[in-house]
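*Asks:* Chains as they are written, first to last, in the numbering used here: chain A, 157 to 315; chain W, 2 to 787; chain G, 4 to 268.
There may be inaccurate statements among the hints.
[Unchecked claim] Cut-off 30 Å, straight-line C-alpha distance, at most; resulting in silico cross-link-like pairs (DSBU-like, lysine-lysine): (1) G/K224 <-> W/K55; (2) W/K153 <-> W/K175; (3) W/K177 <-> W/K450; (4) A/K302 <-> W/K311; (5) W/K190 <-> W/K76; (6) W/K454 <-> G/K11; (7) W/K175 <-> A/K302; (8) G/K11 <-> A/K168; (9) G/K223 <-> W/K784; (10) G/K68 <-> W/K450; (11) W/K572 <-> W/K655; (12) G/K238 <-> G/K89; (13) G/K234 <-> A/K302; (14) G/K238 <-> W/K655; (15) G/K42 <-> W/K454; (16) W/K276 <-> W/K76; (17) G/K140 <-> G/K180; (18) W/K446 <-> W/K785; (19) W/K175 <-> W/K450.
If you're looking for bench data, these hints aren't it; they were derived computationally from the structure.
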Amino acid sequence: MPVKVSMTVNGKPVSAEVEERTLLVNFIREHLRLTGTHVGCDTAQCGACTIEMNGDAVKACNMLAMQAEGAKITTIEGIAAADGTLHPMQEAFREHHALQCGFCTPGMVISAIDLVRRHPNPSEEVVRAELDGNFCRCTGYHNIVKAILDAAPKVAAMR
Amino acid sequence: MASMNIIGTSVKRTEDYRFLTGGGQYTDDVAPHHATYAVFVRSPHAHAKIKGIKTDKAAKARGVHAVYTGDDIAKAGINGLPCGWLITDVNGQPMKEPPYPVLAQGKVRHVGERVAVVIADTLHEARDAAELVEVDYEVLPAVVNGAEARKKGAPVLHEIAPDNTCYVWAIGDKAKVDDVFKSAAHTTKLEFVNNRLIPNAIEPRAAIGNYSRAEDAYTLHVASQNPHVERLLMTAFVMGLPEHKVHVIAPDVGGGFGSKIYLYGEDVVVTWASKQINRPVKWTADRVESFSSDAHGRDHVTTAELALDKDGKFLAMRVHTTANVGAYLSTFASCVPTILYATLLAGQYTTPVIYCEVTAVFTNTTPVDAYRGAGRPEATYVVERLVETAAREMKIDPAEIRRRNFIKEFPYQTPVALLYDTGNYNATLDAATKLGDVAGYAKRKEQSKARGKLRGIGYSCYIEACGIAPSSVAGSLGARAGLYEAGEVRVHPTGKVTVFTGSHSHGQGHETTFAQVVASRLGIPMDDVHIVHGDTSKILFGMGTYGSRSIAVGGTAIVKAVDKVIAKGKKIAAHLMEAAENDVEFSDGIFRVTGTDKQVPFGQVALTAYVPHNYPHDKLEPGLNENAFYDPSNFTFPAGSYVCEVEVDPDTGKTSIESFVAVDDFGKIINPMIVEGQVQGGLTQGIGQALMEGCRYDSASGQLLTGTLTDYCLPRAEDVPHFKIDTRETPCTHNPLGVKGCGEAGAIGAPAALMNAITDAIGVRDLAMPATAETVWRAIAMKKAA
Amino acid sequence: MYAFTYRKAKDVKDAAAGLAKNADAKLLAGGQSLIAAMKLRLSAPPELIDLGTISELRGIKSDGKNVVIGAMTRHAEVAASTDVKKAIPALAYLASQIGDRMVRNMGTLGGAIAHNDPAADYPAAVVGLGATVETNKRKIDADAFFKGIYETALDPGEIITSVSFPIPKRAAYMKFKQPASRFAMVGVMVADTGKDVRVAVTGAGPCVFRVKEMEQALGKKFAPDSVANIKVPDKGLNSDIHASAEYRAHLVTVMAKRAVEAALK
Ligand SMILES: Cc1cc2nc3c(=O)[nH]c(=O)nc-3n(C[C@H](O)[C@H](O)[C@H](O)COP(=O)(O)OP(=O)(O)OC[C@H]3O[C@@H](n4cnc5c(N)ncnc54)[C@H](O)[C@@H]3O)c2cc1C
Ligand code: FES
Ligand code: FES
């Protein structure tokens with residue numbers, strides 16, 4: 157029995173009829189065709205699906221679309237400015253070569269933004285510990301950590 | 002004009018913008034109209050006879066288009082998956098090559114083997130229906146361990162290999178080596194397991210088959226590291242389709258590390274089925290499926306011995322390895338524990354004689370094939386654990402014993418077939434000991450002790466053979482494919498350039514590095530160069546990306562094509578400037594007549610080639626578009642020195658990496674930023690192997706015990722240190738760029754450095770990988786008890 | 004995931020009515036355990052009743068004696084709460100060690116203890132701090148709540164509404180993580196309530212348990228040395244590819260000792 161679900165995604169109101177068992181990540185990828193949010197596992201561990209819901213990072217693969225009813229969602233497609241200018245976190249990732257294959261990157265960037273909001277001036281240790289919900293198999297995290305440390309004050313200055 | 006030479010600079014990556022903004026297009030992001038979804042029914046048993054399969058309930062379920070089993074595949078005349086490398090047994094016989102069916106035929110031989118496929122309108126429907134497929138299994142005893150599989154009475158997997166042995170292969174002079182061991186002043190012997198790994202690229206494998214009746218042709222989107230090889234194997238060996246009617250696209254690929262080199266049954270099934278049901282068929286692996294169906298890596302059991310004289314000079318090495326290849330021979334499975342392993346056992350040293358014997362064994366486990374490093378990490382582990390242990394036994398400083406044995410003169414012919422063209426091993430070791438402040442180690446050890454911690458230091462000086470080639474040599478060693486690479490440089494009328502490469506990028510940044518090479522050579526802005534890869538319809542041919550070969554082989558092919566463009570450009574320029582061709586030189590994007598101020602820019606020559614009003618039609622065709630194939634004359638030999646310091650908590654056995662230094666020699670470097678990134682990623686996978694990753698099967702049932710990320714431990718950011726990385730440079734002597742390749746180094750060199758450090762910290766001779774907290778804790782406890 | 008029907012409960016009563024109507028229906032809290040299990044087709048409830056929008060179930064209150072936390076309070080909220088950090092820092096710390104940030108933003112206290120995963124962290128807090136679980140029907144003492152592997156004292160249709168944690172004199176939690184899942188391989192909560200000492204262990208056995216011998220020793224002298232030589236028997240402890248029972252038993256001692264050290268800081 158399809159149910160109706162509505163939410164705001166990257167500032168735009170969206171709604172659709174979906175099967176109850178539709179995961180939020182499938183709603184985003186298949187119904188909205190926002191394919192920047194990735195799926196890398198089925199045990200809610202890799203973090204490739206990380207999005208922002210009402211200001212908090214969550215794993216879109218481990219919740220129903222219905223659990224996001226009425227929520228404000230931001231996906232990787234909504235992070236850069238409207239004119240395409242990269243967010244300071246995205247820019248830092250580019251600057252520090254914090255991505256290789258790019259598959260973990262959308263989740264990593266969203267997680268990183270969430271991280272520096274909570275820790276505007278984090279130590280390397282804090283960054284490494286707080287990244288425990290995001291796997292990257294390519295970079296060895298080295299440059300991701302560098303990018304986040306570099307972007308933290310810039311992101312803090314944004315608000 | 003400023004020089005356009007940007008080789009050796011850390012240009013930011015061209016591909017990043019799309020990846021950072023969600024614009025990447027991976028296979029699962031491709032959504033053909035009217036796509037259907039495939040779900041594979043997989044074997045829950047490690048070994049069983051299939052007595053029957055009932056598909057009628059599933060076929061009738063909501064949304065289902067078709068259910069296929071091994072019988073349907075056999076009826077359609079689809080062959081099994083081929084192995085691309087023939088190894089000849091010590092007794093002159095070809096290796097045993099049992100059929101590797103696309104869907105199981107009568108028997109399953111590992112947990113996760115493909116038994117049937119259900120195709121439905123939605124993924125949910127396909128999943129629901131897959132549960133309705135009833136397979137009647139007669140469970141057979143299983144064997145998962147390579148050594149066990151060779152014992153009398155072990156369950157037999159394949160009729161053609163009654164002792165489960167694929168081949169016994171050897172290299173080196175056994176009698177000579179045995180002789181040296183008899184009289185050597187010192188011998189060191191170690192027995193160890195190189196643990197089985199599961200690659201776990203974060204993008205799971207995926208494939209979409211799409212048959213077009215209009216064109217009578219197939220398109221396959223697939224997460225692959227080498228689309229042309231995939232197409233060749235699929236058309237010529239498996240499906241018997243006309244090669245030119247199959248279009249394979251490997252779009253953005255989310256990491257491979259070897260696991261996406263191979264032709265897999267899923268790719269064949271979706272391609273074939275798309276014609277049967279006349280709809281696109283899409284399959285994306287769950288992570289759980291990846292664990293049991295992506296080719297695994299490593300899994301060696303080895304006895305290794307080193308003979309030394311009284312001064313610590315290496316006299317001989319003797320190695321016996323049992324390599325578990327899994328239930329079937331995956332695409333390159335046979336060459337990994339032989340050609341890519343035993344030939345590297347000389348390492349960086351002058352060991353005069355080496356003998357290595359490898360027994361490849363079938364077991365009821367997922368097929369094993371090349372995983373980042375492929376054979377070379379196993380070889381480095383053997384050599385570097387042996388060397389370090391010998392040094393400790395002989396009370397020689399481990400760096401010193403290495404220095405005494407380094408190869409110092411090049412070219413150097415090893416006793417195991419390779420000819421090293423160049424290197425400077427002292428340079429990397431010196432740099433590493435400096436960067437790692439080995440001089441201050443004793444003090445740090447004291448400080449650790451004061452905190453109740455055990456500190457240890459370990460070295461690893463690895464060598465690898467990259468840019469696998471030449472085809473003629475590979476062919477004589479059993480390769481069933483060529484090992485060249487192809488490139489095409491298409492200059493457009495406006496002077497912009499599209500480069501087509503047979504290499505594939507799935508994180509390595511070819512779109513940037515290759516563009517740097519082309520822009521530098523043509524003297525044009527990098528923005529004017531676009532790199533295209535991963536599409537068999539656009540690119541003339543390709544062998545793909547693996548074995549750190551892209552820049553050395555693929556990059557060189559492009560350079561050769563660029564040079565052809567320049568050569569033709571000179572002719573056009575000579576005509577335009579009314580000069581003799583021999584008087585025209587080209588640099589920084591400008592053709593000049595030597596000794597005059599006459600010049601035409603590259604762009605004008607390009608335009609002239611396509612608008613040939615004033616053109617030497619009698620001598621030249623219009624257009625500016627050149628191809629090249631490059632078949633290298635030798636391997637390249639990247640090498641380096643790693644120094645690792647660890648601290649062990651004796652109460653829990655937990656190891657923390659306090660410092661990790663890597664100094665590599667990759668020859669010339671095009672983009673240092675990208676190269677460092679490759680090293681960091683490789684090191685982390687090597688650290689993963691040493692500390693936390695290890696595939697485990699239940700020995701009785703053959704069940705995969707590490708079948709999800711909650712049980713198979715991948716390294717997280719917290720598990721790795723801030724790396725200290727540097728390079729030294731001896732340019733490769735036989736390719737125009739002087740490059741060697743860097744993609745696998747970290748994974749090759751890291752495990753031995755770590756294990757050497759941990760064994761040093763806790764004062765034991767050997768320890769199994771992965772060195773989990775409990776493993777280390779037990780070793781400490783045993784030592785105390787002894 | 005198998006198909007199911009879904010509805011949002013208006014309030015606790017509405018949720019209870021839903022459960023009464025369909026005995027096989029399941030409550031959905033954060034979904035971090037339930038959805039995960041359903042995705043792997045390990046759980047197949049025909050109906051989900053979502054507690055997500057019931058505001059009465061969410062929130063933290065501290066009255067100087069007890070910290071009362073609503074069942075639907077997210078782990079991240081507990082970890083960040085200034086009230087909790089002030090009153091029972093060990094509890095805030097424990098919550099901060101559950102899963103990762105994204106899991107903590109969804110997972111709830113009620114869901115965690117109702118699920119009672121043998122390696123979950125919260126059971127160690129509930130038992131270690133001697134908390135009281137409040138449901139729509141009754142109050143359940145911590146020691147009576149956790150019954151066995153994935154098993155609790157909850158009756159069918161019973162809904163956890165909050166948990167009341169008495170504020171201890173001092174307490175600390177030490178967790179040794181299973182490296183892949185990051186659940187507790189062994190987690191030990193040590194609490195000096197002022198009246199007595201409680202030591203609760205999670206991850207090591209099929210269900211959270213107390214170590215009476217350690218409690219007595221610490222009751223006499225609250226110092227790391229008091230527990231350093233007390234070993235729990237490894238019989239009956241969990242043994243898997245990540246750790247043997249013997250190693251887990253050893254870790255219980257090490258983590259208990261470290262928890263006492265931390266509590267004294
Ligand atoms: C990647 C990952 C890592 C994790 N790591 C850890 C960890 O390190 N430590 C740890 O402790 N946990 C960990 N968890 C589990 C996490 O803490 C869950 O949030 C928790 O176990 C369940 O809470 P939930 O709110 O998500 O409950 P749900 O998943 O929604 O529900 C769980 C069960 O509780 C029932 N239930 C929910 N609420 C109530 C209620 N109010 N009354 C009665 N029954 C109810 C449900 O019906 C269901 O049976 C992890 C989870 C994931 C996905
Ligand atoms: S896909 Fe969501 S955590 Fe892996
Ligand atoms: S960049 Fe490939 S997984 Fe992170």
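*Asks:* Take the C-alpha atoms of W/K276 and W/K76, compute the straight-line distance between them, and say whether it is at most 30 Å.
*Replies:* holds (15 Å)
*Asks:* Is the hinted pair A/K302 and W/K311 satisfied, with a Cα-Cα distance of at most 30 Å?
*Replies:* This hinted pair is violated, its Cα atoms lying about 48 Å apart.
*Asks:* Within a Cα-Cα threshold of 30 Å, do G/K238 and W/K655 meet the stated pairing?
*Replies:* holds (24 Å)
*Asks:* Given the proposed pairing of W/K572 with W/K655, does the C-alpha separation stay at or below 30 Å?
*Replies:* violated (68 Å)
*Asks:* Does W/K784 sit within 30 Å of G/K223, going by the straight-line distance between their CA atoms?
*Replies:* violated (35 Å)
*Asks:* Does the structure keep W/K153 and W/K175 at a Cα separation of 30 Å or less?
*Replies:* holds (26 Å)
*Asks:* Checking one constraint from the list: CA of W/K454 to CA of G/K11, max 30 Å. Satisfied?
*Replies:* Since the Cα atoms of W/K454 and G/K11 sit roughly 53 Å apart, the hinted pair is violated (cutoff 30 Å).
*Asks:* Would you check the hint for G/K11 and A/K168, treating anything up to 30 Å between C-alpha atoms as holding?
*Replies:* Since the Cα atoms of G/K11 and A/K168 sit roughly 24 Å apart, the hinted pair holds (cutoff 30 Å).
*Asks:* Check the hint pairing W/K190 with W/K76 against an upper bound of 30 Å on the C-alpha distance.
*Replies:* violated (53 Å)
*Asks:* Would the hint linking G/K224 and W/K55 be met if the CA-CA limit is 30 Å?
*Replies:* Measuring from Cα to Cα gives roughly 68 Å; hence the hint is violated.
*Asks:* Given the hinted pair W/K177 and W/K450, is their Cα-Cα distance within 30 Å?
*Replies:* Violated - the C-alpha atoms of W/K450 and W/K177 are around 46 Å apart, more than 30 Å.
*Asks:* Measure nothing beyond the straight line between the CA atoms of W/K446 and W/K785; if it is 30 Å or shorter, mark the hint as holding.
*Replies:* Measuring from Cα to Cα gives roughly 20 Å; hence the hint holds.
Violated hints, listed in ascending order, are 1, 3, 4, 5, 6, 7, 9, 10, 11, 12, 13, 15, 17 and 19; each of the other numbered hints is respected by the structure.
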